[in-house]
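In case you want the letters, here they are:
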Amino acid sequence: MTGKGIRLELTLNGKRQVATDVPANTSLLGALRDHFGLPGAKNACEQGECGSCTVFLDGTPVCSCLVAAGQAQGAAVGTVEGLADEDGLSLVQQAFVTAGAVQCGFCTPGFLMVVRDLQLRARGRTIINLDDDEVREALAGNLCRCTGYEKVIDAVRAALADPDVPRRSVGASG
Amino acid sequence: MTVTTSTPVHKGIGGSPLRPDGTLKVTGEFAYSSDLWAEGMLYGSTLRSPHPRARIVRIDTSAAAAMAGVHAVLTSADIPGKKTYGLIADDCPVLAIDEVRYHGEPVAVVAADDLDTARRAAKAIVVEYEVLEPVSDMRRAAFDAESPRVHADRADNIVRYQPVRRGNPDAADLQDRVAVVVTREYEVGMQDQAFLGPESGLAIPTEDGGVDLHVATQWLHVDQEQMAPCLALPPEKVQLTLAGVGGAFGGREDLSMQIHASMLALRTKRPVKMVYDRRESFFGHVHRHPALMKYTHAADADGRLVYAKAQLLLDGGAYASTTDAVVGNAASLGIGPYECDDVLIEAYGLYTNNPPCGAMRGFGAVQACFAYESQMDEVAAALGMDPVEIRRINAVKEGSILPTGQRIEGPAPLREILDELVTMPMPPEPSLPEPGEPEPRTRVPGERWELPPGGYGNTTRGEGVRRGVGYGVGIKNICYSEGFDDFSTARVRLEISGGEPIASVHTAAAEVGQGLVTLQAQIARTELGVDHAVVLPADTQVGSAGSSSASRQSYMTGGAVKTACEAVRMEVIELARRKFPELLSDDESWSDIHLADGALHLGAGVATGARLLARLSDVLGTDVVEATREYHHRRTNPLDPETGQGDSHVQFAMAAHRAVVDVDVELGLVHVVQMDVVQDVGKILNRLSLEGQIQGGTAQGLGLALMEEIQTRDGLVRNPSFTDYLIPTILDMPPLNMRILEFADPNSPYGLRGAGEPPTLSSTPAIVAAVRAACGRPLRRIPLRPEQIALVEGYGDEGGEEDV
Ligand code: FES
Ligand code: FES
Numbered sequence: 001m002t003g004k005g006i007r008l009e010l011t012l013n014g015k016r017q018v019a020t021d022v023p024a025n026t027s028l029l030g031a032l033r034d035h036f037g038l039p040g041a042k043n044a045c046e047q048g049e050c051g052s053c054t055v056f057l058d059g060t061p062v063c064s065c066l067v068a069a070g071q072a073q074g075a076a077v078g079t080v081e082g083l084a085d086e087d088g089l090s091l092v093q094q095a096f097v098t099a100g101a102v103q104c105g106f107c108t109p110g111f112l113m114v115v116r117d118l119q120l121r122a123r124g125r126t127i128i129n130l131d132d133d134e135v136r137e138a139l140a141g142n143l144c145r146c147t148g149y150e151k152v153i154d155a156v157r158a159a160l161a162d163p164d165v166p167r168r169s170v171g172a173s174g
Numbered sequence: 001m002t003v004t005t006s007t008p009v010h011k012g013i014g015g016s017p018l019r020p021d022g023t024l025k026v027t028g029e030f031a032y033s034s035d036l037w038a039e040g041m042l043y044g045s046t047l048r049s050p051h052p053r054a055r056i057v058r059i060d061t062s063a064a065a066a067m068a069g070v071h072a073v074l075t076s077a078d079i080p081g082k083k084t085y086g087l088i089a090d091d092c093p094v095l096a097i098d099e100v101r102y103h104g105e106p107v108a109v110v111a112a113d114d115l116d117t118a119r120r121a122a123k124a125i126v127v128e129y130e131v132l133e134p135v136s137d138m139r140r141a142a143f144d145a146e147s148p149r150v151h152a153d154r155a156d157n158i159v160r161y162q163p164v165r166r167g168n169p170d171a172a173d174l175q176d177r178v179a180v181v182v183t184r185e186y187e188v189g190m191q192d193q194a195f196l197g198p199e200s201g202l203a204i205p206t207e208d209g210g211v212d213l214h215v216a217t218q219w220l221h222v223d224q225e226q227m228a229p230c231l232a233l234p235p236e237k238v239q240l241t242l243a244g245v246g247g248a249f250g251g252r253e254d255l256s257m258q259i260h261a262s263m264l265a266l267r268t269k270r271p272v273k274m275v276y277d278r279r280e281s282f283f284g285h286v287h288r289h290p291a292l293m294k295y296t297h298a299a300d301a302d303g304r305l306v307y308a309k310a311q312l313l314l315d316g317g318a319y320a321s322t323t324d325a326v327v328g329n330a331a332s333l334g335i336g337p338y339e340c341d342d343v344l345i346e347a348y349g350l351y352t353n354n355p356p357c358g359a360m361r362g363f364g365a366v367q368a369c370f371a372y373e374s375q376m377d378e379v380a381a382a383l384g385m386d387p388v389e390i391r392r393i394n395a396v397k398e399g400s401i402l403p404t405g406q407r408i409e410g411p412a413p414l415r416e417i418l419d420e421l422v423t424m425p426m427p428p429e430p431s432l433p434e435p436g437e438p439e440p441r442t443r444v445p446g447e448r449w450e451l452p453p454g455g456y457g458n459t460t461r462g463e464g465v466r467r468g469v470g471y472g473v474g475i476k477n478i479c480y481s482e483g484f485d486d487f488s489t490a491r492v493r494l495e496i497s498g499g500e501p502i503a504s505v506h507t508a509a510a511e512v513g514q515g516l517v518t519l520q521a522q523i524a525r526t527e528l529g530v531d532h533a534v535v536l537p538a539d540t541q542v543g544s545a546g547s548s549s550a551s552r553q554s555y556m557t558g559g560a561v562k563t564a565c566e567a568v569r570m571e572v573i574e575l576a577r578r579k580f581p582e583l584l585s586d587d588e589s590w591s592d593i594h595l596a597d598g599a600l601h602l603g604a605g606v607a608t609g610a611r612l613l614a615r616l617s618d619v620l621g622t623d624v625v626e627a628t629r630e631y632h633h634r635r636t637n638p639l640d641p642e643t644g645q646g647d648s649h650v651q652f653a654m655a656a657h658r659a660v661v662d663v664d665v666e667l668g669l670v671h672v673v674q675m676d677v678v679q680d681v682g683k684i685l686n687r688l689s690l691e692g693q694i695q696g697g698t699a700q701g702l703g704l705a706l707m708e709e710i711q712t713r714d715g716l717v718r719n720p721s722f723t724d725y726l727i728p729t730i731l732d733m734p735p736l737n738m739r740i741l742e743f744a745d746p747n748s749p750y751g752l753r754g755a756g757e758p759p760t761l762s763s764t765p766a767i768v769a770a771v772r773a774a775c776g777r778p779l780r781r782i783p784l785r786p787e788q789i790a791l792v793e794g795y796g797d798e799g800g801e802e803d804v
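Sequences listed follow chains A and B, in order.
Residue numbers for the first sequence follow my numbering, so the first one is 1 and each next one is one higher.
Residue numbers for the second sequence follow my numbering, so the first one is 1 and each next one is one higher.
Worth flagging that the hints you see were computed from the coordinates, not collected in a lab.
Accuracy of the hints is not assured; some may be wrong.
Reference excerpt, derived from the structure (chain B facing chain A, CB under 7 Å, subset only) [said to hold, decoys possible]:
| hint | residue |
| --- | --- |
| 1 | 28 |
| 2 | 426 |
| 3 | 513 |
| 4 | 699 |
Footprint (simulated), chain B over chain A, 3 or more residues, beta carbon under 8 Å [said to hold, decoys possible]:
| hint | stretch |
| --- | --- |
| 5 | 25 to 39 |
| 6 | 43 to 52 |
| 7 | 78 to 90 |
| 8 | 102 to 110 |
| 9 | 144 to 150 |
In silico lysine-lysine, BS3-like type, Cα no more than 30 Å apart, as pairs [claimed, not checked]:
| hint | chain 1 | residue 1 | chain 2 | residue 2 |
| --- | --- | --- | --- | --- |
| 10 | B | 683 | B | 11 |
| 11 | B | 123 | B | 83 |
| 12 | A | 4 | B | 269 |
| 13 | B | 11 | B | 123 |
| 14 | B | 123 | A | 4 |
| 15 | B | 83 | B | 237 |
Each residue gets a CB set at the ideal place from its N, CA and C atoms; glycine is no exception.
Next up, chain A with everything else stripped away, as it sits in the complex (with noise of 0.2 Å):
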């Protein structure tokens, strides 16, 4: 496939990145994961059933498995790579790792994308009441086969008790 590649630009965790020669049917995913070194994101179906390739498209999350690579031309994308700072792990990350909610870690990648955004819809009070319906209800999209679920649920509720976040008991008149 040398050769007949096109040229693919992005602002990649906050970077303008460059790839040259990136296989017309290659998907956003196989881009990060082969032409930009970041294999953080994960493939496990390349269907959008799993959630594992999440990441984030001009600030939306996305299965980048389902995106054409030649899609997301031009775009700012964030990946899991990009969620720890100079400081060490974000809010987010580091809940997952206290929580337990990590065993094998493959889905884990796409669980932290999905709450990250979760995390700056509560900050930015798109959502109010996040209780642990709505909580189940958001990473529906994201399959883990390891944790049944039950501490990646704790996980979230301690990464959103961060004080920035309305919490029900605070927030629940709005």
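Given the coordinates of chain A, assemble chain B with the ligands onto it according to the supplied hints.
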């Protein structure tokens, strides 16, 4: 009171230190087997059989081999050494030889510059098949003398027949005591492990003509042992390193791409990476054996079992894999954790042209558990008894004799488990509408709101929804059974670095997500009294650790690490005695020295007045103390082939579940409202990991009860995708309340009991019992389908649900 509470030791045994690979896993840096990369590597692809049974008339690889970018196209003719392999019997061809025996059997492999080219080249291989009639029906395979044989060189299609005979269920004098007899047939569909990280690995040819394989597996050494003869290499030229494993659950016990990638790497002299996609993964590993089971239970008027008979057929598919051992489990644990003196169990493992089946969490005990637990409910119902009571009355205890004649040594606290389970709080009663008065369920803000069956599909407003409660218990053997001399090896090293003592632990044990890396370090900290313990990558540079299977690694590799640490400790004390003989007075003994807080103390524990003798840093200096030890469990015996008698198991573990479900009896939809579980683990080593095992195991049991099945028709797999093979999502999983009991086993390290599998057994029958209670239908086949459950006239009756 035998229930004890662990005192958590900081980051040691009983504590819940965080997993050492956790940070790498949340930053995306943890290298799974599918993430590997090597300079100049090629990609492998596999051509698989489209037929469940066919003769290969001709293979033409010339078009594929001529494609640009293709470096090798290999068939069975190119296998360097032995052409078959297998975990117990070596009947599985590396690549099909003259015949294919299941849909998806590997026929040829290709290496090319990129994956796309490799896949196109595999498609370009021409294979001419003469299609044959597949053997796809278990009963025919077992009992029809006219059935074709899956393996022409065998006399029949039976991999193993194992009876277990105890007493005489047909004895005339028993019949007077019998108040009820219940005979039923049960069926279990084919479940898949569905680990999220597909099979993958990277094979790198070495300068000495060997191969280094980085792979996600459950047992490095048994891979090496099977690979080397096929590659015509001595074992030391086939070195394996564990790559990041994305879940396993038994599905990585058998080889998948290991020999294929290695053959391609040896042939092309380039690194070769193979990664299955989800579809190929469904074809690339064995599944849980489907089962047809016929059970008869007889009980007296008090509910005591008088006799039990069972016949279990287990579909092993085209190759033997671990069917032999699965049959051993199904037979020996066939009536569950109940006392009964007159028993006949007959278990058959069969060859068919269905997909090969082998290990999956619960391993033969799961299928039997669904049947015997359903039977216990049937007997209770026939006697008008409470389902918990009938289990209590018949429960095994320490000293009970199993149908195999094996006496249970150590605690077997099933009664205590059940007593605990019934004290756990029930969920609030549902606010169901009055009969004939449908009203929508409304959501009260701030209160837990039950998603109705059908979930966010809004298929009901609550009318037609009935609640049911069910119970299930299960018993699982821990460690390998039937005389297998199982062991694990650990190398432990203690040294001073930067002034601090550091313990490093090296084993070949596979971390598959369960948290074994955390546990190994905990043991080293506790045994050597150090804060800093590291676990080195698992590889074949150290002796075998055995498999991450059979809930055995805490026991076996835990035992090996503990034993190696004890040897290191002895040597440290000996070093202290040589270097500082004056540390102890004449009436004090070196054998009373303990290691704690990085120092040698006389006496155990500061609280009891232990005296600090010397810091480890002073005792060791620049010396390094290292010990490698093997740990063996106590011997077991094979089952007698005629009578099934024998002390075949090392240890038993039990769990019990209660399930509360809401069922839409018109649509046949189920919502599990709450589950409660009690499990005896002997001793909690790491509560966080343990809870994760019980939660994950419960989820897989729920999947088997309600949704998971690989569907085959005449041997063809119909649903190899996550679109059509459903595993529980977060919406399917109810809140799970858990109580953990610690009845220490006197024979195991720290008193622990293996814990990963029991919850997978008991979860399934509890849920099915709850659904039965809600809808009143017999439900003898799992996974349940809506049409079996729905009470719509005539609708579910076609499903083959018949009373026997
Ligand atoms: S890999 Fe994209 S959803 Fe599964
Ligand atoms: S932790 Fe293994 S799939 Fe979620």
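Results of checking the hints against the structure:
Annotation: residue 28 (chain B) was flagged as interfacial toward chain A, and the flag holds, the nearest CB pair being 2 Å apart, inside 7 Å. Checking residue 426 (chain B) against chain A by beta carbon gives a least distance of about 18 Å; that is not within 7 Å, so the hint is violated. Among the interface hints, the one on residue 513 (chain B) holds; its C-beta lies about 3 Å from the nearest C-beta in chain A, closer than the 7 Å criterion. Hint status for residue 699 (chain B) relative to chain A: holds, with the closest Cβ pair at about 4 Å, below 7 Å.
By the rule of at least three residues with a Cβ nearer than 8 Å to a Cβ of chain B, the coverage given for the stretch 25 to 39 of chain A holds, with 4 such residues. Counting residues of the stretch 43 to 52 of chain A whose beta-carbon sits less than 8 Å from any beta-carbon of chain B gives 8, enough to reach three: the coverage restraint holds. With 6 residues having a Cβ less than 8 Å from any Cβ of chain B, the stretch 78 to 90 of chain A passes the three-residue criterion, so the hint holds. Beta-carbon proximity to chain B at under 8 Å applies to 8 residues in the stretch 102 to 110 of chain A; the threshold of 3 is reached and the given coverage holds.
Chain B is given as covering the stretch 144 to 150 of chain A, and this holds because 7 residues of the stretch bring a CB closer than 8 Å to a CB of that chain, at least three being needed. With a C-alpha separation of about 16 Å, the suggested pair residue 683 (chain B) and residue 11 (chain B) falls inside the 30 Å cut-off, and the hint holds. Between the alpha carbons of residue 123 (chain B) and residue 83 (chain B) the distance comes to roughly 23 Å, so the proposed pair stays at or under 30 Å and holds. With a CA separation close to 27 Å, the supplied pair residue 4 (chain A) and residue 269 (chain B) stays within the 30 Å bound.
Only pairs whose Cα atoms come within 30 Å are accepted, and residue 11 (chain B) paired with residue 123 (chain B) is rejected, the gap being roughly 53 Å. Restraint check: the Cα-Cα separation between residue 123 (chain B) and residue 4 (chain A) comes to about 22 Å, which is no more than 30 Å; the hinted pair holds. Of the supplied pair hints, the one linking residue 83 (chain B) and residue 237 (chain B) holds, its CA atoms being roughly 18 Å apart against a limit of 30 Å.
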